[in-house]
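I would like the entire structure built from these sequences, with the hints used as guidance.
Top to bottom, those sequences are chains A and B.
Read left to right, the first sequence gives residues 1 to 353 (my numbering).
Read left to right, the second sequence gives residues 1001 to 1327 (my numbering).
Wrong hints could be hidden among the right ones.
[Said to hold, decoys possible] Computed list of lysine-lysine pairs in PhoX-like fashion (alpha-carbon distance at most 20 Å, straight line):
no., chain 1, residue 1, chain 2, residue 2
1, A, 243, A, 32
2, B, 1253, B, 1197
3, A, 55, B, 1303
4, A, 351, A, 155
5, B, 1303, A, 328
6, A, 218, A, 253
7, A, 253, A, 217
8, B, 1314, B, 1253
9, B, 1303, A, 57
[As the list claims (entries may be wrong)] Over 10 Å on every C-beta distance to chain B, these chain A residues come out as not near it, computed from the model:
no., residue
10, 158
11, 160
12, 201
13, 331
14, 332
15, 346
Everything labelled a hint here was simulated from the structure, so no lab data went into it.
Cβ atoms here follow ideal geometry from the backbone N, Cα and C, with glycine treated the same way.
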Amino acid sequence: MGNYRMGTPKKTASKKTTEKKAVSAKPGKSEKIHLLTQMIRIRQMEEKTYEMYTKEKIRGFLHLYDGEEAVAVGIIENLDKEDGIVSTYREHGHALIAGMSMNSIMAELYGKAEGCSGGRGGSMHLYDKKTNFFGGSAIVANGLPMAVGLAMAYKMQNRNSISCCFFGDGAVDEGEFHESMNLASLWNLPVLFVCENNFYSMGMPFELAQAETDLVKKANAYKIEGAAVDGMDVMAVYDASVKAINYIREQKKPWFLECQTYRFRAHSMFDPERYREKDEVKEWKKRDPITTFTSRLQEEGLLDEDELNEIKKRVAEEVEESVEFSEKGTDEPIENLTRFVYSDEPKTLNKSK
Amino acid sequence: MAELQFREAIRDAIDEEMALDDGVFVMGEEVAEYNGAYKATEGLLDKYGFRRMIDTPISELGFAGIGVGAAMNGLRPVIEFMTFNFAVLAADQIINHASKVRYMLGGQVQVPIVFRGPNGSAGQLGATHSVAYDSMYAHFPGLKVIQPSEPDDAKGLLKSAIRDNNPVIFMESEQMYGLKGEVSEEEDYLIPIGKAKIKREGSDVTVVTHGKMYHVSKQAAAQLEKEGVEVELIDLRTIKPLDIGTVIESVKKTNRCVVVDEAHPFGGVAAEVGYLIHRDAFDYLDAPVARVTLPDVNAPFAKNLFDIWLPDAKNVIDAVNTVTYRK
Ligand SMILES: Cc1ncc(C[n+]2csc(CCOP(=O)(O)OP(=O)(O)O)c2C)c(N)n1
Ligand SMILES: [Mg+2]
Chain A
1 MGNYRMGTPK KTASKKTTEK KAVSAKPGKS EKIHLLTQMI RIRQMEEKTY EMYTKEKIRG
61 FLHLYDGEEA VAVGIIENLD KEDGIVSTYR EHGHALIAGM SMNSIMAELY GKAEGCSGGR
121 GGSMHLYDKK TNFFGGSAIV ANGLPMAVGL AMAYKMQNRN SISCCFFGDG AVDEGEFHES
181 MNLASLWNLP VLFVCENNFY SMGMPFELAQ AETDLVKKAN AYKIEGAAVD GMDVMAVYDA
241 SVKAINYIRE QKKPWFLECQ TYRFRAHSMF DPERYREKDE VKEWKKRDPI TTFTSRLQEE
301 GLLDEDELNE IKKRVAEEVE ESVEFSEKGT DEPIENLTRF VYSDEPKTLN KSK
Chain B
1001 MAELQFREAI RDAIDEEMAL DDGVFVMGEE VAEYNGAYKA TEGLLDKYGF RRMIDTPISE
1061 LGFAGIGVGA AMNGLRPVIE FMTFNFAVLA ADQIINHASK VRYMLGGQVQ VPIVFRGPNG
1121 SAGQLGATHS VAYDSMYAHF PGLKVIQPSE PDDAKGLLKS AIRDNNPVIF MESEQMYGLK
1181 GEVSEEEDYL IPIGKAKIKR EGSDVTVVTH GKMYHVSKQA AAQLEKEGVE VELIDLRTIK
1241 PLDIGTVIES VKKTNRCVVV DEAHPFGGVA AEVGYLIHRD AFDYLDAPVA RVTLPDVNAP
1301 FAKNLFDIWL PDAKNVIDAV NTVTYRK
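Shown next as structure tokens:
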């Protein structure tokens, strides 16, 4: 189910053409249902990882994406398969929508050899070359310069792809954010910067971390165009990302998108959440991207109860299968411990064009 | 003596020094309102307020450098890193500024600052959250490096670190914050920086260790005792300045030595201690010094790989058996 990005590949000619067509701003019924399904896939997968963590099947740090699904879905669905995606340690959702199988994600969380990174990385380091998912990363903000570097490679090799970088409001606190924004702009690199502003970095409220809380202004200071959008509304994110992606491809410049969102769960599994009121969480939950979008589709007559139940049932099966797959997963043999510290692959030649 | 958790010993040390000197203040991520990511600063906000308990954004390079500036200008900052794995972002300020500025300015300034937080691995957290940085900092002239293993050492050494007029790297472990131990109730309890401690006397072999690996080595010593091997267990407590004298005295008695260090082998504490023993006690050795360290491999996430990656008591016993020619 849905293991593809909806974006341009379906709608445009093959990747051999140099000019890519603009992505469509007018999703129809099936696309909208696809968006909903994708959000439900993330939610159900995350809820299952929570359960498996409490059963100690998953260890280490675990950061869940509940509440923020509209951001990953609204944006990644508009990217091409060849576009590179960079994320954070809260990246299970991005990985899934990028096109990675739930099996390979869950097995990585289990630390099994069948996981996307062979069990080497765990929850914070999902990575998949096939889908150009360039990884979660456990260090705040260190994906940003890397994403700019991906874009540099696309540009230098005329590959016409863009790189899309997700990061939290906390990443804005780091110098790496500012250096990356400046260089992407200075060198006209095709990067979509997506700040997932959930208004907290661990227990630190956003407004206590930033002197200037209007993030688009920061982008503008680097001569990057941008917008802020309701990150709880998948269509709003979708529309904003259509505009952003078209701009990046046409202008060959970066774009900055702030998605205002909220994490429903604690920062990680070790967070007593004393920094926010229960009522605040409750208020945001009224804006749950999945329930609100479901109601909207129902009001528009695009989705009936049976269809919804069918979607949920199919997703539940996919989730169960990923657990079974991981339970049956194998441990990497310990003789392999020293593999991959260095590369011994032969050098490949970059031909000049 | 009072039984305290490691985190309480840390907190008490900071608390006492803050009470004594208004220039001492704490700065870092989640140190104030959250009471510390690992609750090592619990209650200090209530006691000292926001002026001296400063929550920062996720700006390690910035707040480390701000600490250095404040220290050069009369204050005594205690900077908390959520882990030293994040202090790599602050490395410019620690290495290029804190460690060098007094020397470069011909002794006109001093930098009385403590950088503290957990170091090394803490279970299955992946490669970027599992590095032991003590040897790396010890490499740099101008820095002192402390890594205690028990609450009592933590309290006495942290108080000394805060009073020291040099930049001190003070390292803890996520996995030891809950560890309980007897802590001296002596008023103004100070342990001098740069003094190792013999924590178990023995005549057959010297085991030199520090930090979390002390507990692994202690376990090994208990097992070896049952097999009739008496380990002399030395907890370095301070990595720099290194108390090699205590080690040499012991090796002259036991004639054998194993160094246990939670770091990669290349250029680590184990390599340094091994060299110094060969320099100062070569004629006393009945076997080459052995070391137990991590392999030269990044931390894997998968449990089976992680478990063989991290040194354990069995590795220590094997090394002791090697230097005593028992197997
Ligand atoms: C350089 C660095 N400093 C600190 C941390 C510890 N840490 C992990 S997540 C986090 C909060 C990040 O918040 P934000 O960027 O807003 O992302 P969110 O968790 O809200 O998705 C912190 C402080 C880290 N991983 N890396
Ligand atoms: Mg945040």
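request  = Could you work out which earlier hints the structure fails to respect and list their numbers in ascending sequence?
outcome  = The structure breaks hints 8, 12, 13 and 14; every other hint is satisfied.
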